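Asks: Residue-level listing of the chains:
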Amino acid sequence: MTAIFINGQSVETGDHTTVLQVALANGFHIPHFCWHPELSVVGNCRVCVVEHEGRGVGIACNMPISDGMRVLTDSEPVRAQRKAMLQFILLNHPVDCGICDKAGECSLQDYHYEYNGETAISGDAKLHSTKFFPLSERIILDNERCILCSRCVRFTREISKSNVLGLENRGDSMLVRPAEGRSLDDDPYSDNVIDICPVGALLSRSFLYQARVWYLEPTPSVCPGCARGCTVQFWHRKAEWRLSGLDERHNTRVHRVTALENPRVNGPWICNKGRDLPELLDRPRATQALQKGAPVSLMQAIETARGLLDQAGKRVALVSSWGSNEELRAFRNSLGDYFTSFVKPDHLPLEGEVVEDDLLIRADKNPNTRAAQDLFGTAAAEIPDDTELVLVWGEGVDFGTLPRGVKILFLGSWLLPENGHADVFIPISIQTERRGHYTNFEGVVSPFEACQPHRDGVIDAETLFPLLSAPGGSASGGGAA
Amino acid sequence: MTGRKVLMDFEVTPTSHSLDDYRARGGYEALEKALRTMKPREVTQEIVDSGLQGRGGAAFPAGRKWQGIDPDDGQPHYLIANADEGEPGTFKDRWVLEYTPHTLLESMLLSCYALGVRHCFVYIRGEYDLPWRRLDAAVEEAYAAGYFGENILGSDFSCDLFVFRGAGAYVCGEASSLLGSIEGTRAFPRNRPPRMTVRGLYQAPTVVNNVETLATIAWIIRNGASAFREVGTEKSPGTRLISISGHIARPGVYEVELGYSWAKFLHEDCGGVLDGRPLKAVIPGGISSQVLTGKDAKVLTAGEVEGLTLDHEKLRSAGSSLGSGGMIVIAEGTCMVRLLQIMLRFYHHESCGQCTPCREGTGWMHRIIDRIVAGDGRAEDLERLNYIAGFNDGTTICGLGDAAGYAATAMLDNFRDEFDYFIENKRSKFAGNLE
Chain A
158 MTAIFINGQS
168 VETGDHTTVL
178 QVALANGFHI
188 PHFCWHPELS
198 VVGNCRVCVV
208 EHEGRGVGIA
218 CNMPISDGMR
228 VLTDSEPVRA
238 QRKAMLQFIL
248 LNHPVDCGIC
258 DKAGECSLQD
268 YHYEYNGETA
278 ISGDAKLHST
288 KFFPLSERII
298 LDNERCILCS
308 RCVRFTREIS
318 KSNVLGLENR
328 GDSMLVRPAE
338 GRSLDDDPYS
348 DNVIDICPVG
358 ALLSRSFLYQ
368 ARVWYLEPTP
378 SVCPGCARGC
388 TVQFWHRKAE
398 WRLSGLDERH
408 NTRVHRVTAL
418 ENPRVNGPWI
428 CNKGRDLPEL
438 LDRPRATQAL
448 QKGAPVSLMQ
458 AIETARGLLD
468 QAGKRVALVS
478 SWGSNEELRA
488 FRNSLGDYFT
498 SFVKPDHLPL
508 EGEVVEDDLL
518 IRADKNPNTR
528 AAQDLFGTAA
538 AEIPDDTELV
548 LVWGEGVDFG
558 TLPRGVKILF
568 LGSWLLPENG
578 HADVFIPISI
588 QTERRGHYTN
598 FEGVVSPFEA
608 CQPHRDGVID
618 AETLFPLLSA
628 PGGSASGGGA
638 A
Chain B
10 MTGRKVLMDF
20 EVTPTSHSLD
30 DYRARGGYEA
40 LEKALRTMKP
50 REVTQEIVDS
60 GLQGRGGAAF
70 PAGRKWQGID
80 PDDGQPHYLI
90 ANADEGEPGT
100 FKDRWVLEYT
110 PHTLLESMLL
120 SCYALGVRHC
130 FVYIRGEYDL
140 PWRRLDAAVE
150 EAYAAGYFGE
160 NILGSDFSCD
170 LFVFRGAGAY
180 VCGEASSLLG
190 SIEGTRAFPR
200 NRPPRMTVRG
210 LYQAPTVVNN
220 VETLATIAWI
230 IRNGASAFRE
240 VGTEKSPGTR
250 LISISGHIAR
260 PGVYEVELGY
270 SWAKFLHEDC
280 GGVLDGRPLK
290 AVIPGGISSQ
300 VLTGKDAKVL
310 TAGEVEGLTL
320 DHEKLRSAGS
330 SLGSGGMIVI
340 AEGTCMVRLL
350 QIMLRFYHHE
360 SCGQCTPCRE
370 GTGWMHRIID
380 RIVAGDGRAE
390 DLERLNYIAG
400 FNDGTTICGL
410 GDAAGYAATA
420 MLDNFRDEFD
430 YFIENKRSKF
440 AGNLE
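In order, the protein sequence lines correspond to chains A and B. At position 218 of the first sequence the residue is numbered 375 (our numbering), and the sequence of numbers has no breaks. At position 229 of the second sequence the residue is numbered 238 (our numbering), and the sequence of numbers has no breaks.
Calculated from the structure, these hints are not laboratory results. Please read all numbers here as calculations on a predicted model, not as lab measurements. Any given hint could turn out to be false.
[Stated by the list, open to error] Partner residues aside, some chain B positions facing chain A, computed with beta carbon under 7 Å:
no., residue
1, G135
2, F171
3, F173
4, R174
5, G268
6, S270
7, A272
8, K273
9, S360
10, Q363
11, T365
12, W373
The beta carbon of each residue, even a glycine, is placed where N, CA and C say it ideally should be.
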């Protein structure tokens with residue numbers, strides 16, 4: 158085992174090969190802009206300098222380990238050079254933190270306070286450059302804020318392999334631009350460049366000026382967009398910063414989605430579909446239980462559903478591949494005996510969507526098919542003509558394909574025309590209103606937490622299933638509201 | 010005369026660049042000798058023994074660079090002749106390419122043989138048109154004569170050469186950045202480690218040598234390392250091609266034996282400062298080397314104390330370097346503020362923009378000097394220039410960023426009074442134009 162000394166303290170280097178990696182892994186903070194653990198080393202920001210005792214100051218991200226080497230991360234020459242580099246970087250940076258979406262989570266801001274702390278020593282006017290350059294339908298670029306660390310360029314070359322971004326011109330006129338004949342619209346992972354941008358140069362159009370990040374907090378969750386089950390963070394307003402004068406939706410809405418780093422599933426990346434989850438979640442919700450289209454109370458609907466269940470002869474269930482592990486287990490335990498159950502895909506690939514690739518995106522556009530199939534088998538749904546009751550759980554079933562005259566018990570979350578065609582419709586909660594787990598296609602189980610309040614009139618499927626199977630007596634308690 | 014000759018040992022005629030003329034003066038004999046009697050490692054050893062230093066600017070021992078490559082390790086190696094002569098004031102490699110391109114080709118074949126290289130390149134700057142045409146014609150002649158291709162001169166040794174024309178960026182003259190240019194990526198200098206002799210062109214071990222360095226090799230192999238050691242000084246053996254320009258009576262390319270008296274070179278061989286004006290300063294090796302002042306030069310002319318000689322150690326001890334051999338002579342009455350402005354404009358324009366200090370620093374210095382020249386100089390400007398230049402030195406990925414810093418610090422150190430005068434009086438201390 159190789160050991161080096163950082164600030165006089167002996168540390169094991171493990172698998173790492175550079176001083177920066179060892180230092181970060183052992184809790185020594187070294188500022189860095191261009192270095193990113195998943196990207197190649199370019200060493201262009203020159204901020205991560207350390208002193209190799211006896212050898213002088215050099216950049217830590219490209220300093221190879223040698224046994225017994227002694228490194229100082231905070232010596233006088235190191236501090237002076239860091240300070241100078243920050244002065245250089247800030248020379249033409251507009252310092253418009255007041256209107257910058259990145260403020261609050263900006264490396265440049267943090268390092269400035271930690272390692273520079275001085276106002277600009279330059280008395281000259283700053284260079285101007287393009288503001289709001291449209292990189293794609295989703296991303297705009299502010300070249301004045303850009304510090305040319307080239308993380309985004311390397312991301313499109315090394316991770317998403319779309320090779321969309323390049324550098325144009327040279328010197329201090331250098332600009333990040335789409336490569337000739339290419340568009341960032343063609344990169345299904347493009348929004349990751351917003352996350353890895355150390356400053357506020359790359360901006361999400363959907364999040365632009367929506368919220369200051371310090372008013373938001375993340376809730377760990379799982380992206381339901383495909384069978385990969387990437388772990389994500391749903392960012393929503395902190396309770397203590399609740400807005401009382403404006404639309405209540407500002408307080409509950411998911412403002413943005415970012416990746417939650419997870420080496421077992423998605424690393425630090427997610428695809429653009431995951432970024433668009435707020436759109437999926439903001440669809441109009443069904444909150445009213447229905448009986449053949451007529452509004453009834455939730456209790457009444459459950460009662461009727463149980464009646465249907467008791468009377469029907471042949472019963473088939475189309476189980477949701479969006480149900481959590483807990484809900485699926487509750488279904489099998491409570492209703493498994495009543496139904497011949499099939500797992501159905503709630504979502505199919507949309508037109509224009511990337512179906513599958515080598516990085517993250519899977520062809521199965523449902524989060525929990527694996528767990529559902531482990532419980533209910535992999536057979537495709539077959540509904541005999543003499544079926545008397547079909548339980549449809551979740552989206553993706555065209556009622557016109559069901560046998561004529563069959564009774565339909567529909568559990569859904571969204572305001573859809575089908576709701577009124579079911580014999581009984583019971584509104585159930587969505588992922589952001591409850592906690593649970595999804596099992597991805599490789600069998601990795603990831604938890605998600607609730608981050609939005611439970612809607613009135615909506616019941617958790619996990620609570621509903623035991624009620625439907627309860628013999629005789631009336632439904633009581635549970636999550637029924 | 011400027012001492013013994015290694016490269017300029019023939020008379021330039023309208024055909025002296027041709028293969029026939031080159032062979033008539035002993036050309037390709039060294040190649041035949043090496044292929045018949047020497048093992049690759051012996052060729053490298055000969056270069057190590059000769060003490061040949063790189064002629065591109067850093068004066069790194071060429072043999073030591075070569076020893077970084079194992080010719081028998083079974084992987085591809087590349088050799089690149091750096092003919093992207095972009096350093097302002099430097100035009101010495103042009104002489105080799107125009108008047109004796111076969112010297113370069115023979116030397117490259119010897120080097121390829123020593124280093125186990127199958128494919129070699131000449132990276133020539135796009136602005137060099139005649140040199141390129143002469144080189145291209147020479148390559149064709151050499152192929153036709155069987156000096157390139159398969160089984161050269163009946164031996165097992167095969168080698169192909171490609172001439173690659175650059176597109177005019179100063180940064181492409183930086184060896185690692187040149188690799189990117191050949192590979193077809195953006196010409197950005199690369200971080201060391203890894204050294205290019207470990208991972209260079211197409212990730213394979215690569216040697217990049219200056220044209221003049223390589224061109225010297227044929228002579229060394231033909232005459233032996235000990236003969237080469239007799240030329241020049243003990244620590245700087247051989248000769249240098251010096252391209253001299255500026256306020257000088259007879260500008261041009263001269264071959265100077267290292268250790269030759271500088272005063273003699275300036276005042277006798279080159280005919281002295283233009284119009285007999287007094288010497289103010291000399292930039293000895295391209296603008297990226299530190300400027301030497303007339304004060305030192307005057308000491309020279311008077312032949313006093315330690316006559317400064319043209320060799321690497323002497324200049325290094327004088328705080329500068331022979332650099333790329335592009336000597337610029339500056340006569341008394343030249344405004345150094347405006348000269349620095351021109352130099353900084355160059356560095357700003359040519360900064361590749363990859364790493365922070367050079368990208369921002371060169372532009373910053375350029376804007377400050379522009380302001381001073383425009384008459385808006387401020388008292389703190391010179392401190393600021395020193396600060397920026399200081400942090401450009403040693404913090405960048407490649408040496409060109411350092412050089413931008415040297416230029417400013419050297420000028421400020423030596424001619425501080427002119428800068429102060431300019432800021433205070435909003436005009437130059439000198440009448441007249443620099444141009």
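Asks: What hints, given by number in increasing order, does this structure fail?
Replies: Violated: hints 1, 2, 3, 4, 5, 6, 7 and 8.
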